[in-house]
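Residue numbers (the working numbering), protein chains in the order written: chain A, 311 to 623; chain B, 7 to 285; chain C, -3 to 328.
Think of the hints as simulated: they come from the structure by calculation, not from any bench. Cβ atoms here follow ideal geometry from the backbone N, Cα and C, with glycine treated the same way. Each hint should be verified, as a subset may be incorrect.
Footprint (simulated), chain B over chain C, 3 or more residues, beta carbon under 8 Å [said to hold, decoys possible]: (1) 14 to 21; (2) 151 to 158; (3) 200 to 206; (4) 233 to 245; (5) 262 to 275; (6) 293 to 305.
Pair by pair, the computed Cβ-Cβ distance ranges are [unchecked claim]: (7) B/31 <-> C/186: 48 to 56 Å; (8) C/258 <-> A/599: 50 to 58 Å; (9) A/463 <-> C/186: 35 to 43 Å; (10) B/17 <-> C/224: 29 to 37 Å; (11) B/16 <-> A/599: 20 to 28 Å; (12) C/236 <-> B/262: 34 to 42 Å; (13) A/572 <-> C/253: 22 to 30 Å; (14) B/107 <-> A/601: 56 to 64 Å; (15) A/595 <-> C/130: 42 to 50 Å; (16) C/237 <-> A/616: 52 to 60 Å; (17) B/152 <-> C/253: 37 to 45 Å; (18) A/465 <-> C/4: 25 to 33 Å.
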Amino acid sequence: MATAPGDGLQGEAVLAIEALRIHYELPAVTVRAVDGVDLEVRGNEVLGLAGESGSGKSTLALGVLQLLRPPGRVVAGRVRFGDVDLLELEERDLRALRWRQFAYIPQGSMSALNPVMRLRSQFTDTLAAHGESMQPAALRERLTEVLQGVGLEADILPRYPHELSGGMRQRVCIALALLLGPRLIIADEPTSALDVISQRVVLETLAAARQAIGASMLLIGHDLALLAQVTDRLGVMYAGRIVELGATGELFANAQHPYTQRLIASIPDLHDRRAFGGAPPEDGTRWLLEAPLHEVAPGHFVRPWQPAGETAP
Amino acid sequence: MINRLRARLSPSMWLGLVLLALVLVPGLFGQFFADPGQLRLMAGGISAPPSPDHPLGTQNEGRDLLTYILKGMPNTLLIGLVGGGSAVLLGTVLGMLAGYVGGPLDALVRNTVDIGLTIPPLAILIMIAASFPVVTPLIMGLVIALTSWMHPTRVIRSQVLSLREREFVLLLRLSGASPLHIVFRELLPNLIPFLAATFVNAVATALLASIGLEVLGLGSFQTPTLGNLIYFAIIGNAMWLGLWWWWLPPIVIFIVLFMGLFFVSTALDSLANPRLEQG
Amino acid sequence: MNPRYLGRRLATFLLTIFVASTLNFAITRLTPQDPIAALLGRMASRGRTVESGGEIVARYRERLGLDAPLAQQYVNYLRDLLQGDLGYSLAFFPIKAEAVILRALPWTLGLLSLATLLAFVIGNLLGALAVWPRVPAGFRWLVYLSMPFSAIPYYLLALILVYLFALNWSLFPLGGSFTVGSDRGLNLETLADLLHHAALPVLSVVLAVVGFWALSMRGIMATVLGDDYLIYARARGLRSRRIFSHYAMRNAMLPQVTALAIDFGRLISGQVLVEIIFNYPGVGWVLYNALRAADFFVIQGVTLFMVFTVAVATLLLDLLYPLLDPRIRYQS
């Protein structure tokens, strides 16, 4: 559960995303996947980011990590990590920061792990890339420890990814993320490929392991109920923008934006994903996505909207 | 469809078409300007280098080489077109039926293709050409098709397999359209760019096989072809004797022809499979 | 290894050999006339003088058992084949056809494996680098230039290479596999001499085949580049070189190994023709001479050898494949 009050008063920002815009420049159209996002992840905090698929949350994660694939491109903004802007870094300097400073837990652990490489090599590759080649005994001790931290035994190391269950593979990805003790973990729907029960268990493992090393985490997901369990603060994303942001408890108790309210209301159904479509309601409400966020309570920000019947200011 | 085609006439397509035209125009029409008398024994001097009378010189029996090439090109092109065309025709019918109907028919076709692909066509062609006395260009093309339909069958089958899962096919099936109608009236048009690429590749394969046979001396020597010309040049020691006008022109024509086919097929491939273009 | 996988591959291997041998038999018997007479007729029509034609025909007829019923001929043919008995070479009587082919075999296999391996390695590297990020553009153009070569038949390329490098510039020998009269001990000089003779034949195959591999590798790599495990490897801060070799190439090679098995027939056919151009004393050269001399059993033997070699290569690659792709080992 939450480790610090989400009142916006604690901790320096570990990661500060400023006015980030990411576009997919296709031959005929430009898709604005991330359309001006400001977000901070603070020390030892878990920040949740909720939204449906297509809201731009995964693109945001890949943009921050500098792993966007063409035609995706960061067109504006800054991503401050400590005292550097990740967007300005040379590939070489970026590589040194990766994993040691910020790790990533991908969505599909099946396709993320190299299918033709034993798990041990995927661990030792990661260590070697950061100058940590070690003696067999020490290596074994290190890997056993990090695997046990996520509820796995060292006997999976000689296996190939396809020999593990989905839940075990996801734990392997969590173990990999913890391997170098990063300051920040960015997890993109780390449990979406699992069944409902495993989702909960794996997420709890992730939260506990994160707390053990004192890292901050940006946790992306579409399941508000699941996110509520482990986050300190929660942001809601729609069409490439944050529409509401606040401490998790406050947001649930006092949701302002109609979109947030509908996300919360649809929680019981959310496990079958067709339950909810993100378009503005038919009654004529307009969501003013261009307007700035305003603070409705300390640390609780909402994007304005225009109820049905009213005219634009 | 036409608009899409026009929009996609890529540089590769233009280059390919220009190269093909360089071979096809003289190849198809040059024969009408050739004088058969020039093919007679001693129509010119023996192994004479190019001159105004004999623009490409003569070979070791004094026959005019330009005339031979102009007479031979239509035959070579015929072998390629008949061979490639029949292979693709056979492959399309078998591939579409196997892919769409599935079941035992598909299993039979798939296994036959798997085994057929492991047997080198040249090995079979050598036996056929060595055992049968008369080989006209038409027969050679058909025989080559018999040994090269497996590859088109395989690629067309896999295309049909992926197409049949698409929504519009399902809707057609539900609306009671017959399998034959679906395969040949609805699926086939979707495969046209793909079939065109397969055809171009099959023509190249057929030409390759026919040149191989002819260079081995298994062509029909009554009919002039470019492959036979190369064989005669090798037999006549044209290279060691420095008679470059004898062996070089057919090779240059083949290179231009194969390059043209290559560029056209590459362009058609990216038309049928746009994903590669970004690569 | 999965026994069912193994069983299927072995069955396909045996079936291929059986089908090809049967085809080979059927073709010779389908001709409207006696296969030997047909062959001799063809050779005579080319102006080959076939010495003692009558005697040859008689010997062939006896060997083929042409007067026995067709089924009996077929059984005899398969039985001889199983015993590795391909019949007598008429040109080198009383040497057997299989001996003529075996003598030429090392040259063909050496040339073939050297050329295939070189082309496969270079082509796949070129193709992969052609789409790898941050590879110099000049290098990328080199790759594009190599691709059209794949469209040109090897043996035509070979003729031009002979003309330029051997005849005009005398950089390489005109043909053969070693310098006649040189002492062929086990030393570096011999090796250098062999390589000097093999260089042009190998080069003509490599030049042509590199583009083929590069082209298909480029397509596979373009797909692999977008795969999740590549993104994830980059996220972990792995060095680009490591990602290229152990993540991208390692996975992209899998379909290429399958393609190598499929393409082997084309490779060996090209090899046969290249040997003719270079007077290289391999199986292709044997075939060429056999065709000119109407040496029926040697012709038949060489075509069976081509089938057999391709089938063996396919089987070996199929057996190797599960070692490269662990997923195959556990599937039924």
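Hint check:
no.	hint	in the structure
1	14 to 21	holds (count 4)
2	151 to 158	holds (count 5)
3	200 to 206	violated (count 0)
4	233 to 245	violated (count 0)
5	262 to 275	holds (count 7)
6	293 to 305	holds (count 7)
7	B/31 <-> C/186: 48 to 56 Å	53 Å, holds
8	C/258 <-> A/599: 50 to 58 Å	54 Å, holds
9	A/463 <-> C/186: 35 to 43 Å	57 Å, violated
10	B/17 <-> C/224: 29 to 37 Å	34 Å, holds
11	B/16 <-> A/599: 20 to 28 Å	40 Å, violated
12	C/236 <-> B/262: 34 to 42 Å	40 Å, holds
13	A/572 <-> C/253: 22 to 30 Å	52 Å, violated
14	B/107 <-> A/601: 56 to 64 Å	60 Å, holds
15	A/595 <-> C/130: 42 to 50 Å	48 Å, holds
16	C/237 <-> A/616: 52 to 60 Å	55 Å, holds
17	B/152 <-> C/253: 37 to 45 Å	29 Å, violated
18	A/465 <-> C/4: 25 to 33 Å	32 Å, holds
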